[in-house]
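Got chain A sorted already, so can you dock chain B onto it with the hints?
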Amino acid sequence: MKTLRIEDLSKNFGTTEVLKKINLEIDEGNFLVLLGPSGCGKSTLLNIIAGLETINEGNVYIDDYNVSKVEPKDRNIAMVFQSYALYPSMNVKENMIFGLKQAKASKEKIKEQLKKVSSFLKVDELLNRKPSQLSGGQRQRVAIGRALVREPRIFLFDEPLSNLDAKLRVEMRREIKKLHQTLKTTVVYVTHDQTEAMSLGTKIAIMNQGVIQQNDTPEIIYNKPSSTFVADFIGSPSMNLIKGKIIKKSDQFSFVVEDSNSTQIPINNYNFDNKIELDSKEVYFGIRPEHIYYKKSNENDFEIKLKAELSEYIGNEQIITFNYSDQEILAKFPSTVKIEINKEMNLYFDLSQISLFDKNSKKRI
Amino acid sequence: MQTNITASSYKELEQKSKVTNMLLRWFLYFVLILFASYFIFPLYVMVVTSLKTMEEIRQGTLLTWPSALNFESWAVAWGGRGYGAGDTFLKPYFWNSIKMVIPAVFFSTFIGAITGYVLTKWRFKGDQWIFLFLLFGCFIPFQAILLPMARTLGVLGISNSILGLVVVHTVYGIPFTTLFFRNYYVSIPTELVKAARIDGAGFFKIFFKILLPISAPIIVVTVIWQFTQIWNDFLFGSTFSFGEAAPIQVALNNMVLSSTSVKEYNVDMASAIIAGIPTLIVYVLAGKYFIRGLTSGAVKG
Chain A
1 MKTLRIEDLS KNFGTTEVLK KINLEIDEGN FLVLLGPSGC GKSTLLNIIA
51 GLETINEGNV YIDDYNVSKV EPKDRNIAMV FQSYALYPSM NVKENMIFGL
101 KQAKASKEKI KEQLKKVSSF LKVDELLNRK PSQLSGGQRQ RVAIGRALVR
151 EPRIFLFDEP LSNLDAKLRV EMRREIKKLH QTLKTTVVYV THDQTEAMSL
201 GTKIAIMNQG VIQQNDTPEI IYNKPSSTFV ADFIGSPSMN LIKGKIIKKS
251 DQFSFVVEDS NSTQIPINNY NFDNKIELDS KEVYFGIRPE HIYYKKSNEN
301 DFEIKLKAEL SEYIGNEQII TFNYSDQEIL AKFPSTVKIE INKEMNLYFD
351 LSQISLFDKN SKKRI
Chain B
1 MQTNITASSY KELEQKSKVT NMLLRWFLYF VLILFASYFI FPLYVMVVTS
51 LKTMEEIRQG TLLTWPSALN FESWAVAWGG RGYGAGDTFL KPYFWNSIKM
101 VIPAVFFSTF IGAITGYVLT KWRFKGDQWI FLFLLFGCFI PFQAILLPMA
151 RTLGVLGISN SILGLVVVHT VYGIPFTTLF FRNYYVSIPT ELVKAARIDG
201 AGFFKIFFKI LLPISAPIIV VTVIWQFTQI WNDFLFGSTF SFGEAAPIQV
251 ALNNMVLSST SVKEYNVDMA SAIIAGIPTL IVYVLAGKYF IRGLTSGAVK
301 G
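In order, the protein sequences belong to chains A and B.
For reference, each letter of the first sequence is one residue, going 1 to 365 in the working numbering.
For reference, each letter of the second sequence is one residue, going 1 to 301 in the working numbering.
Okay, chain A solo, but in the shape it has when bound:
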């Protein structure tokens, strides 16, 4: 039994297709992050799970029960919003118990739940305050409290940290993670922030233009992106995608930028998803900036001489731009390393960490 299952879901606003045949499953206790650029449909998908938007095609199942036409209040879900959406005219206590009151829970039950949740979230001192008298972090906590009180099967979070300042965001992120570890409730969490997605999710579904590009664990998404979109979206700075093709010379496959006369990067040890006709296939050679080293660290590293063109200092690290046959390549080094601009230097590509993508389909090969 899947806690949440979405089947061939399509949604359009007028003639604009927002979601195209989405299929998604979540096991009990998982933390699924929907990640994507703005306008990719992730918030619409969340609203559909909540029942706040109607569906054009397909179905939503919660615990194998088709809830596609069930009212939001009857779906056994709770939602935390970006703007917190606390009811301005009610104090914290009234905000938190509003849902239970609507559901006509008994007085004892309401009291008990309120006490449990408010002490758990450390908001018991704030119960008589109005939302306008709370700080951003406190508001966020109350909003989570309002969701917790209902003891839902699934928590839905819609960019809950976007309105907080950078420091508080990191703090609240940790609190949400702890919350999930303690309660082990299933979570669907929408964000456009990859750090949030990576640190919180047990599964990440990357969306673009209404389609799920890849749905997997953070590690696999980071190390084996399924398409150039995912490779480009995850990581900061994003993965270098070098245009070129594969050539075959005496049973050895290698990657070249132009023709067989230019530098050949051996890719024999690359773990191909499916061995298709590789010879002279046009591809992108993907390597993350952190997998380009300034000194050799293991014997399989590929040595190459490139010219440094630009240096960006960001505190603990520096990002250096190199020129590789007129394509820009970024590398990330510790800021203690001295790099001379406009000079050639030896670089070492970690070939165990590369990804190859078909140039036409943009898919991983």
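Hints in this document: simulated from the structure, not taken from any laboratory.
Hints may contain errors.
Each computed DSSO-like pair below joins lysine-lysine, with the alpha-carbon atoms no more than 27 Å apart [claimed, not checked]:
1) LYS332/A / LYS343/A
2) LYS178/A / LYS115/A
3) LYS69/A / LYS125/B
4) LYS177/A / LYS116/A
5) LYS73/A / LYS125/B
6) LYS107/A / LYS209/B
7) LYS99/B / LYS21/A
8) LYS245/A / LYS362/A
9) LYS245/A / LYS296/A
10) LYS109/A / LYS205/B
11) LYS125/B / LYS20/A
12) LYS296/A / LYS243/A
13) LYS115/A / LYS125/B
Chain B stretches covered by chain A per the calculated footprint, using a threshold of three residues with CB under 8 Å from any CB of chain A [what the hints assert, rightly or not]:
14) 188-201
15) 236-248
All of these numbers come straight from a predicted model, not from anything done at the bench.
All C-beta atoms, glycine included, are put in the ideal place defined by N, C-alpha and C.
Below, chain B without anything else, positioned relative to chain A:
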């Protein structure tokens, strides 16, 4: 151009700018006082005249101060002289207007609030068209609808009644009240409504429990606006009512224009002030919210 500012020339310049500033300031006060008196002058004449006897009015000028505070003309304006035929006075018409303005303001504000709530928080296909048509209602000259409205009231059997006027004012208030509430609710995050729906609240519960409690500023604006419009209305009142069902503005007109004997300026002035007092009270009581509410909707909407 190169100028060397020495200490003495600097002082001279400073002196000069001081004088200019002072002159400008005096000029500013002069203009302000001029305009202020321009606006206060009619009110002064009205109050002063209403306190004079007819004898004094004939002998003195417009501006002369009354010899004694004489409230007799006020009493006459409000309650009449006590003899039968042809004695028009404001009291019954004042209550007519009260009976008209309170339900009309209440219903137009309430309906406007609900409509504004639906148009912003329960969007549906074609809602912007409905809003557009409602906006037309703000710009239609009311003279254009007098005949069809008279016919409608006749069919409904409520012509020449307070109820008829309440209906007319409610209907023609809705475009404005809807505009006010829509612009206010647009600035309130829709997530509030979503949260309440997940919490299990329905259409009216969300409206009464969540949105209405935070609508005070815009309610004040709407009430002031509607009260002023309806209380001061003459066109609808004179068209759709006559005789005993007339609101105060119509009665005031009848009193001032159709008196057969000598013109009693003091009574006329007192009547005009009485007819204006309720709007004044509403402004004084709720005025500070007016600007606040008006801008809060306008800026964000």
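Results of checking the hints against the structure:
In summary, the hint linking LYS332/A to LYS343/A is supported, as the alpha carbons are separated by about 17 Å, within the 27 Å threshold. For the given pair, LYS178/A sits about 20 Å from LYS115/A by alpha-carbon distance, which is consistent with the 27 Å threshold. Among the hinted pairs, LYS69/A with LYS125/B is consistent with the structure: their alpha-carbon atoms are about 20 Å apart, no more than 27 Å. Of the supplied pair hints, the one linking LYS177/A and LYS116/A holds, its CA atoms being roughly 19 Å apart against a limit of 27 Å.
Taking the CA atoms of LYS73/A and LYS125/B, the gap is near 24 Å; set against the 27 Å cutoff, the hint holds. Annotation: proposed proximity of LYS107/A to LYS209/B holds, straight-line Cα distance about 20 Å (limit 27 Å). A hinted pair counts as satisfied when its Cα atoms are at most 27 Å apart, and LYS99/B with LYS21/A does not qualify at roughly 60 Å. At roughly 14 Å between alpha-carbon atoms, LYS245/A and LYS362/A fall within 27 Å of each other, so this suggested pair holds.
The straight-line distance between the Cα atoms of LYS245/A and LYS296/A is roughly 25 Å, inside the 27 Å bound, and the hint therefore holds. Proposed proximity of LYS109/A and LYS205/B is supported: the alpha carbons are some 22 Å apart, at most 27 Å. Pair hint LYS125/B plus LYS20/A holds up; C-alpha atoms about 22 Å apart against a cutoff of 27 Å. The suggested pairing of LYS296/A with LYS243/A holds, with an alpha-carbon distance near 24 Å, which does not exceed 27 Å.
The suggested pairing of LYS115/A with LYS125/B is violated, with an alpha-carbon distance near 44 Å, which exceeds 27 Å. Evaluation of the coverage hint for the region 188-201 of chain B: fulfilled, as 11 residues show C-beta separations to chain A shorter than 8 Å, against a requirement of three. Beta-carbon proximity to chain A at under 8 Å applies to 0 residues in the region 236-248 of chain B; the threshold of 3 is not reached and the given coverage is violated.
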